[in-house]
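Chemist: These protein sequence lines are chains A and B, in that order.
All letters in the first sequence, in the order written, are residues 95 to 190 by our numbering.
All letters in the second sequence, in the order written, are residues 116 to 729 by our numbering.
Calculated from the structure, these hints are not laboratory results.
Not one of these hints is a red herring.
To spell it out: a stretch of chain A is covered by chain B in this simulated footprint if at least three of its residues, at any positions, have a beta carbon under 8 Å from a beta carbon of chain B; those stretches are:
#: 1; region: 110 to 121
#: 2; region: 132 to 138
#: 3; region: 153 to 165
#: 4; region: 177 to 187
Model, not experiment: these values are computed from the prediction.
We treat Cβ as the ideally placed atom computed from N, Cα and C, and that holds for glycine.
Listed below, chain by chain, are the residues.
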Amino acid sequence: MAVPEQVRKEADMAMRTQVSHWGRTRLLAIAVLFIWTLIALVLPFVALLSIGSQFDGAGAYTFVSEGMLILMLALVIWFTRRQRGIDGRFAMVEED
Amino acid sequence: MALQPYGRRDNLKSMTNAFWLLLGSVAAFVVVMMIFEFVGMPKPAISILFIIVTLIIYALIGVASRTLQIVEFFVAGRRIPAVFNAMAAAANWVGSAMILGLTGSLVFMGFDAMAFMIGWTGGFVLIAVLFAPYLRKYGAFSVPDFLAARFGGVGVRLCGVVVLLVSGAALMTAEFHAGGLIFSRVFGIDFQSGVIATLVIVVFCIVWGGIRGATCTQSAQFVVLAAAIVLPVTLFALKLTGNPFAPAALAGLLDQIGALEAGLGIGKGNATTTFGELKRIAIPHIEAFANYSTVEFVAISFGLMLGTASMPHVLMRYFTPTSVPDPRRAAGWSLLFVVVIFSFLPVAAALVKLTILTEVIGQPLSGLPEWVAEWASQGLVQVSDGNGNGRIDLTEFFMAPDAALLALPQIGGLPFVMTAIVTVGVLAAAISTASGLVLAVANGFSHDLYYRLVQPSSSTAKRLVLARIALIGVASGTAWLAINRSMDILPLIGWSLSLAAAGNFAVLVLAIWWKRCTRWGAIAGMVSGFGLTLAYLYGVRFLDWQPVQGLGELSAGLIGVAAGFVVAIGVSYLTPAPSRETAEFVDDIRVPRGQSFMERERAAERIREAGSTR
Chain A
95 MAVPEQVRKE
105 ADMAMRTQVS
115 HWGRTRLLAI
125 AVLFIWTLIA
135 LVLPFVALLS
145 IGSQFDGAGA
155 YTFVSEGMLI
165 LMLALVIWFT
175 RRQRGIDGRF
185 AMVEED
Chain B
116 MALQPYGRRD
126 NLKSMTNAFW
136 LLLGSVAAFV
146 VVMMIFEFVG
156 MPKPAISILF
166 IIVTLIIYAL
176 IGVASRTLQI
186 VEFFVAGRRI
196 PAVFNAMAAA
206 ANWVGSAMIL
216 GLTGSLVFMG
226 FDAMAFMIGW
236 TGGFVLIAVL
246 FAPYLRKYGA
256 FSVPDFLAAR
266 FGGVGVRLCG
276 VVVLLVSGAA
286 LMTAEFHAGG
296 LIFSRVFGID
306 FQSGVIATLV
316 IVVFCIVWGG
326 IRGATCTQSA
336 QFVVLAAAIV
346 LPVTLFALKL
356 TGNPFAPAAL
366 AGLLDQIGAL
376 EAGLGIGKGN
386 ATTTFGELKR
396 IAIPHIEAFA
406 NYSTVEFVAI
416 SFGLMLGTAS
426 MPHVLMRYFT
436 PTSVPDPRRA
446 AGWSLLFVVV
456 IFSFLPVAAA
466 LVKLTILTEV
476 IGQPLSGLPE
486 WVAEWASQGL
496 VQVSDGNGNG
506 RIDLTEFFMA
516 PDAALLALPQ
526 IGGLPFVMTA
536 IVTVGVLAAA
546 ISTASGLVLA
556 VANGFSHDLY
566 YRLVQPSSST
576 AKRLVLARIA
586 LIGVASGTAW
596 LAINRSMDIL
606 PLIGWSLSLA
616 AAGNFAVLVL
626 AIWWKRCTRW
636 GAIAGMVSGF
646 GLTLAYLYGV
656 RFLDWQPVQG
666 LGELSAGLIG
676 VAAGFVVAIG
686 VSYLTPAPSR
696 ETAEFVDDIR
706 VPRGQSFMER
716 ERAAERIREA
726 GSTR
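Isolated chain B, as found in the complex (with noise of 0.2 Å):
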């Protein structure tokens, strides 16, 4: 998908050729790997194969989108079609973390998942609303330099550099030691080698072309992905229900869930639902608020969608259209991407569950069916008839919720190429999500920090090799974070939405819709906002503080927020008003037509200096 310097409409067609081949190339490898499997090709050949193809077309897709040029590496020349940056986001978005602990959630956690589903959907409306075209006509390189653009002077921008450090780092650790668990399963070797492995391939698909490269790769991501989801589910759902369109057989599934769970007793009974890290299924699947309150329900969703609205690396997706009102249209193309894949998962949870309570609850030891054993061996299952009445009762099965859509495909009995997509698929995800991660904080670096306040006179050449050294940088700092990490997956995506929200979403809305919000006021609002949020975090999780009203690690970012708009506005009022300069500066940013702020202050520069030199 390499991008050629010719138009906008060419690029389009040029991208869609090379998705079309893409696709086609997918499905043809898949159809040859059930062959292969077929006449008796090895499952860990089979599985290697699949990685390793997968692997040689992101590495070979990066190369491709090498550049040498400032705004390809940046934003990709402000050339890359809605739907092709849609398919990036989504992927760029739907990380590993989020697909295994939603899935997980959704099988263990009965109905209060939902809260994590709608909070990681709901974002993108407030993206297509508040802040994507106004980001866009601005024509920053990062969240940062929009941030000091508009309100002038360092202090902004270095608080925006520390939201994005902090709230991407968090979560590219996530990302990492979800790659470095499946890359050290597939391929047997310690969870060391696979942080390492996976810190390579990110740093390969990016290190040619910046977000170029990874817009390309991403949208190849996004395909895999996809694929990973929607395939075995719908094999597995056809299978049960005869059904082809697996979101419509989600209501059946549930019904049989349903009558199950009532004549197991699923919810009475006080038996301890978990055995480590690993959970039974203990909540009736439909049941409400059963892990959490109302009130903590709402606020997750609220807090969750304000954090993904306010997350740099989605943000930095809406720079790169090519025009203005294109960032609205891709932030509607990237949410139905991201329905795509989160309408399955509700499925997949309900066809996991409903063989495990057919298929392992009440059936003898020696009767369990294949990959119970499998996951057992690795830790991820635990069986057990500890009252010894020959069955396995609700109480003696344990499984990670991690693992359930992992091995979704063994528990349909689906062939092991499924097994393999799906390993590919969230392998995708987590090397898609950490892709631009890096991306944003090596940005930070290199753009905001060095090029904008230590060395703005330095050149392209130099530029491009310190934002090349910055991101090898990241992703090594991170990859040892993961390594080292002392937190779980979903506090740790917890903290990066929450402190997001916190920093950035009360400034951004203030700098695009309130014209009277002034320098100190945005500073004010993002340091009380984010200090207020990372010092909550922090008591609740290594202070034993009692959550405020059950505002949780997942929705700490209201807290920030608010504290945010309530401080920026009031300090605000108490600041002298923003000069006439930048009132006409906001006034731009609304106008969704003509050349982006930043083009013209180029094109201002280069007559300029056409000028002096006569």
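Chain A on its own, in the form it takes in the complex (with noise of 0.2 Å):
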């Protein structure tokens, strides 16, 4: 009776683990989505202040057009690096 009394602690620690997993994974899901609105909808309109100042327009209009591309990039190296990071923590790492 010890057999199936082990697997289905087992099989529940699984379940745990992968509950926990995916309750990560989503959170760091809501936290990228949240800085890419900000992102893609705040930024720019902080930078055109300035071009509206008319004290650094050249540089604003590089900012969103250069730097917002930037951002978007070291975001996606950022999450990707952190998933990697909840993956490993929960064993769901997956060798190349």
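Take the two lone chains, each set in its own frame, and fit them into one complex as the hints suggest.
Modeler: This is the structure we're talking about:
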């Protein structure tokens, strides 16, 4: 009777691990989407305020045209690394 | 870049070797052609040689990637290393219509064109976070395949196929049109023949190896495309500013443009700003919201981002990586490669505009640069001294926006080889995007409709024959549409992305991230989202409806996405919850390791077949 009990415990553990892993994954996804919204929505307008002031219009244009692309890229790189960390913490990493 | 039937590290090594060989060959070829130009080879011969050599490379890669295996044809055996998948995805996404349209928009629309750049890059973040690894874990051949497995039944698959066909057809038409223009310009043939030439090249590249062949040729096309943007823009920027890193020169160029614009009074007065399809410089380069309101700008950005993340031919790219976490890396690499190209386009636009303002505006008709007369003879530039003052004023110079990038090397006084490089680069973009789209749509016919719904027992050989016939049929049909099209390229792109977002985005998010979503919820969400957006687009385009809250053709997808979420969630709550098997399916695709769902199904089927034959 010990074997089925052990199997049941292992299955429960695997389920809890999976649930915890998914919870962390979901939180990270929400965080990334929030930052993505800031980059796509807020930053262009912050930059535009300085265009309006004519203090550094060219710099603001450059920030929106080049800087935002780099920020999006940095966000994806950061997300990939964080997600890999989460996968590793819950033993979900698949070796290449 | 032929894939050999061995492990993934060997694939990476062989593809990496082939990549460096290709890069070295392209560099050597460019140097040789520059020498030929120096010794006096005629320009038409240079152009034709460039095009023929690159087309031969694509064709050879396509033939070398031929396969008789279903898994290789539809998902490249899932052995594509992330970086090459990403290169192919970037080439797949950055079409000629996009780069020509974006550069022209940056020249003539000012800051507002940034909405397109934000939209066409931000979508990759959504792919990496929301979709890529989960689609890969399932192991589908297509988006409708995944939806059918998640929700069951025929209805969802049919809805997915309709979204795939309609959104793909619109974008394919734009790319075939662009390819037709380039062939007709270089070879002096009529536009219809140019479209047919594009059709032949696209089919030849992918008919042998399906997505395996497409991945290899698209990786090569990305190299050509990147060279076509980076090299001429770098040389032009170096010539004008002394800065070898073009994106870093942008701020300085903008300052010069700003000073000239202030002196010329750009943005003042009511003189007409268009001459047919040609436009004149009428908006200060960094002025924001001259074309779109704030709401429209934001709506276009978000609409295009959601559309980018929903395009079936883009998502299909993430079925092919070697492992489940690889699609996230592939999406990151894709974004890097897209950023490399897009970061040079604002510089290209600034260089073109600055040169026009200094060498054309205010100059006598007899003192204009050679490129003005050459492009005027093709109807892409219009100059006239309408007021008889002996100079070309701001209101007397018009240019086709799409010509800005193509004419950049000549405007910059660069060697003709650079013009040829830009031409083959734009052609590579047209072919690569068209190839990906044709494959995705042909997949919809042969795999989703015929194999999954009509003849599930058909043999591998028959499926491959049908896939190839579908490929040729889809490409031919789209070529016909391109020849007979009645819409401009930018609206076509808008329709494609809006319909893809409206039909796919909500249901894909809910399929992966909300277990409670039911089959009827998914069908209702797709039908309502897609139907509403299609009706809205049709009304705005053909029935003169007034856009609601500034939602035009580029942002209409937002209506469908919102409707899709609301309806799908509402109907899901009104219908019985999904089964335990469905819940386990969703749990399984959320685990980023192990065999894909489909691989386990196929292995189980093989065991069952082996057992039944004993």
